[in-house]
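Note that the protein sequences, when read in sequence, are chains D and C. Each residue of the first sequence is one higher than the one before, counting from 1 in the numbering used here. Each residue of the second sequence is one higher than the one before, counting from 1001 in the numbering used here.
Since the hints were derived computationally from the structure, they do not count as laboratory data. Even glycine gets a Cβ: it sits at the ideal position worked out from N, Cα and C. Treat the hints with care, since some could be wrong.
Residues from chain D shown here face chain C by an in silico Cβ test under 8 Å; the list is partial [claimed, not checked]: (1) Asn34; (2) Ser37; (3) Trp41; (4) Ile48; (5) Gly52; (6) Met54; (7) Gln103; (8) Leu104; (9) Leu215; (10) Ile225; (11) Arg236.
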Amino acid sequence: MSDRAGVGETPLATEHEARPELRHHFADVVQQRNAASLGMWVFLATEIMFFGGMFCGYLIYRRAYFNEFAAGSRSLNLWAGTINTAVLICSSLTVAMSVRASQLGKRKQLIGLLLATLFFGVVFLGIKGYEWHDEYVHHHVPTFYFNAQDLIHDNPNLRLDPQPTKIFYSLYFALTGVHAAHMLVGIGIFTVILFMAWKGKFTPEYHTPVEIAGLYWHFVDIVWIYLFPLLYLIDRRPGA
Amino acid sequence: MANHSEHAGHAEHVVSGGLYWLIWAVLIIGTILTAWIATVDLGIFNTVVALLIATCKASIVVLFFMHVKYTSEKMTKAILISAVFWLFLLLFLSLADYSTRYAG
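Only chain C is shown next, with the shape it has when bound in the complex (with noise of 0.2 Å):
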């Protein structure tokens, strides 16, 4: 465990400036298309379309900005995606509940 990480451990993974700014210009762009898109009638995929691009901008903004594919820790993902996973089950189960409470 103390070799391995000797020599591997110490280089961490730096990733290019290139790479944030193209991040950079995709987060912007997405912004852009969301709150134009938002104007235009797509009936009840408005909604639909506004979560994806946040979820397409939120998941780069993590991916890369907070290292996550690049970090050599596997809990780090384990807790992302117990976290989320939790988050679902509150919203999922919250909104079964009140979107079928006067159904019958």
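So here's chain D without its partners, still in its complex pose (with noise of 0.2 Å):
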């Protein structure tokens, strides 16, 4: 009998003998990053949630006033939010390449990767920074000094009512300021990560917090995917 179990549990004893990072409670590696990116994955369906409640109100404040939805849409700042869509993409990509590397063991590709992640995470912060000052400037920031008189002069086809514009920039700063929050985040994981890869704590056979941190960035990424048509491009047509 004892000697049955001790054959079942040689096998098992040797891997997590032979690999440290494998926690007891896990029979293998593979089920141990199966469980933590199921992990991961269940939070990102608390983060569905979190986001999707905002999404709703917008979109029914949308339907309800969608003049001034649109109006507020076209004073943004096109050229800023496709040039932030396509560096949140490329940053994507240097976070797919990253897990990539540390699959395959590259470390000093993966610490490169790393970087030009947090390269592309910071100029999509200064760029949102760049057009919330600007929108501060035209009293487009829904506090006291909240003024949308411009909107009414840019856009004399629609008619408008100033005050309902105010329900479309404090959705506007809601929805980028959280998720410039996700952001910051998301910069902070991503600096322990590569401390973590320049002193080589990454191998093929262990590299779980790379991909994990990874599916937080991309799905951070796929927020602003569809953040960017619900607010620049609610109503660009030309003589609308």
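Work from the hints to combine the two standalone chains into their complex.
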């Protein structure tokens, strides 16, 4: 009886001894990796709910005050929004490539790609900050100094009620603000990953942190993929 | 279980770098396309096309960059599908309510 149990346990015991990164409550590294990735996916599901609530509010108010939302959307900087979308897509590429580099055990390439990811992340926040400053200067931040008279002037074809434009800008700053907060968290996470990569913590057998952090980064990219058309492209038709 | 994963598991699927660059190119083209087509008058279809392009872009990010196409963990797909289902439930039922509220 005890003999049989011993035979059964041997392969597991050796795998645990051979791989210090394999925690004792997992049978093998594949199970550990899948469990970690699944945990991140569950977190991302809650994030979909988190952003989903704001998207839902956005859709309801956009339906109720379409002209005001269209005018607010046109006042946003289309070039900055498009370039920022491209910047985030580039960062997603470098993240996907860095997961690949860690799978292949290419440490130098991994460090370079992680640095590129951080660079793109900071560029995104820089462009976003430039836009926010622009909107602040134009009194489009919904505070006591909010003023949307320029929207009425810029959109003579739309019948505009200046007050609900405030709802558009409130949702715009809430959505882009929460997204930027996620970017900041992502930059923090990738700084840690970069430090770990520099220390040589990742091997082809163990690189779960790179993959998990990558899932988070791609999710934040996907949120922006939806925010860009919903905020910047509501109604850009000429003459409308 | 332990035997199965010992032999099958350790080799993770490594996506080729060329495919990642191809995905990147498609995403960039999609971004340019959506920004350009917003300036073309399609009537109510402007919003539909914009959301369609965004959904295509998001789908290929999920499938390729996030490895959902290659994962051996079936629960990942279950969680993803249920999350999207709940999101649709939230959006669809809320909008169904608000868009019919003053109809009668």
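Each hint, compared with the structure:
The interface hint given for D/Asn34 holds, since its Cβ lies 4 Å from the closest Cβ of chain C, which is under the 8 Å cut-off. For D/Ser37, the shortest C-beta to C-beta distance to chain C is roughly 6 Å, which falls under 8 Å, so the interface hint holds. Annotation: D/Trp41 was flagged as interfacial toward chain C, and the flag holds, the nearest CB pair being 5 Å apart, inside 8 Å. Nearest Cβ of chain C to the Cβ of D/Ile48: about 5 Å, under the 8 Å cut. The hint holds.
Below 8 Å, beta-carbon pairs count as interface contacts, and D/Gly52 has one with chain C at about 5 Å; its hint therefore holds. A hinted interface residue such as D/Met54 counts as satisfied when its beta carbon comes closer than 8 Å to some beta carbon of chain C; here the least separation is about 11 Å, so the hint is violated. Interface hint at D/Gln103: satisfied, since its Cβ lies 5 Å from the closest Cβ of chain C, which is below the 8 Å cut-off. For D/Leu104, the shortest C-beta to C-beta distance to chain C is roughly 7 Å, which falls under 8 Å, so the interface hint holds.
Because the closest C-beta pair between D/Leu215 and chain C is about 6 Å apart, less than 8 Å, the hint holds. At its closest, the beta carbon of D/Ile225 sits 5 Å from a beta carbon of chain C; the interface hint therefore holds under the 8 Å criterion. This hint holds: D/Arg236 has a C-beta 4 Å from the nearest C-beta of chain C, less than the 8 Å allowed.
Hint 6 alone, counting from the list given before, is not met by this structure.
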